[in-house]
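Here the working numbering is used: the sequence shown runs in plain steps of one and ends on residue 435.
It cannot be assumed that every hint is accurate.
[As the list claims (entries may be wrong)] Okay, derived cross-link-like pairs now, DSS-like style, lysine-lysine, Cα gap no bigger than 27 Å in a straight line:
1) LYS70 x LYS44
2) LYS70 x LYS343
3) LYS343 x LYS44
4) LYS277 x LYS70
5) LYS15 x LYS343
6) LYS44 x LYS277
[Unchecked claim] Pair ranges (Cβ atoms, derived):
7) THR406 x PRO300: 45 to 51 Å
8) VAL304 x PRO387: 22 to 28 Å
9) GLY104 x THR27: 27 to 33 Å
10) GLU355 x GLU52: 24 to 30 Å
No lab work stands behind these hints, which were simulated from the structure alone. Keep in mind the model is a prediction, meaning the values are calculated, not measured. We put the CB at the ideal spot given by N, CA and C, even for glycine.
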Amino acid sequence: MNGKLAIDGGTPVRTTPLPGPYPGATIIGEEEKQAVNEVLERRSPFRYYGPDPAYAVNKLEQTVASLVGIEHAVGVTSGTAALIVALRALGVGPGDEVIVPAATFYGCVNAVVACQAVPIFADLDESVSISAESVERVITPRTRAVMVVHWRGAAADLQPLLDVGKRRGVAILEDCAQSFGAEYHGRYVGALGDINIFSFQMNKVISAGEGGMVVTNDSALHQRAVACQDQGTPRKSADAEVTPFLGENYRMSELTAAVLLEQVKKLDRLRAHVRHVGGIILESVRNVPGVSVRPLADPDGDTGVSPVLIFETPELCAWVRQALAAEGVPIKFPYGGVPVYMHEPIQQKRMWHDGVSPWDERLYDGVADYGPGLCPRAEELMPRVCEYHLSMDWTEQDARDVADGLRKVMQAVPNDLLAVAQVS
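Using the sequences plus the hints, can you model the full thing?
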């Protein structure tokens, strides 16, 4: 390996593009095709009835509930839909607050606002996950739920958050959209919160392009979730205790469920593969000055889909990103290096209609400002975080190329950048 950096005219480590991310999509094969064809041959793509329904959504709900170790599951159209259904099942509405981590996809915020509730942002711990200490600080009498995002394939430190929820009488909603199959001290994520969700969108651990799931051990929450995803009206007399209400359609298609039933069968193989290739990347930077591996509450439970690195300073992080791109092994920069509340529509509290706002003083008597300084730890941490997104398409050689690139670049860090890092 040539020691001269590619940005300085040296030979790059790699000249062909790295494989794409999309872990679930890269395990799609003949099994998924056959499953979809069976639904089409039956001419019954709707979950509740048809000429010859296979009830694939029902089977998927049972499969996911059994895998996760939870009583009830409800299939829906997307991860965002799952969040909306879960929040509405909890009774979240105007005047309420929902605590959201400062580092997450803005779909989490959109779901809160769709319920006409107000998002309140909690700061992060060193694992880039929501901090129980910060949650405790921002809870108010208006708080109805805490959304715990299991970020980038690995579990947040859930037990302290469960303790806060129990002590303060606030529901815990596990957002497992990015971490299907992750574990927390022997339990799958999605098994411990009051009501929890998964996503099966294109970027997710398993995927049908779109799709989501709401899971819970609470039968009353389950019945409300079933109604929420089906126009607000229960279909079965057994659900008669749920009073019908005006709702929306978030019903999962049989085609989506057919794909996901096959994807679940491949989960163990996928996790084993990405953990192996990701381990090659992570080992290359252990004990290297200026960079560290993301600390996790349960490293053994990590799905492995996203090796995350944390650099000592934003300046070092920016320089490394530029150098790695030149070496042909570019590293990703999640959310542009800023907390989610810096997203411009959130800053402006801009809704789809001027007359609709959960922050309207007629509905909400709290204070929710989203300016800089809101979550200092997140604002300091996010510009230093980088990641790779893995899939079944990644080979050992791809991972070794990344490892070689990281070693090459980190060995050549300018002294002034390392000095700044050491001072910081």
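Does the structure break any of the earlier hints, and which numbers would those be? Checked against the structure, the hints that fail are numbers 2, 3, 7, 9 and 10, while the rest are satisfied.
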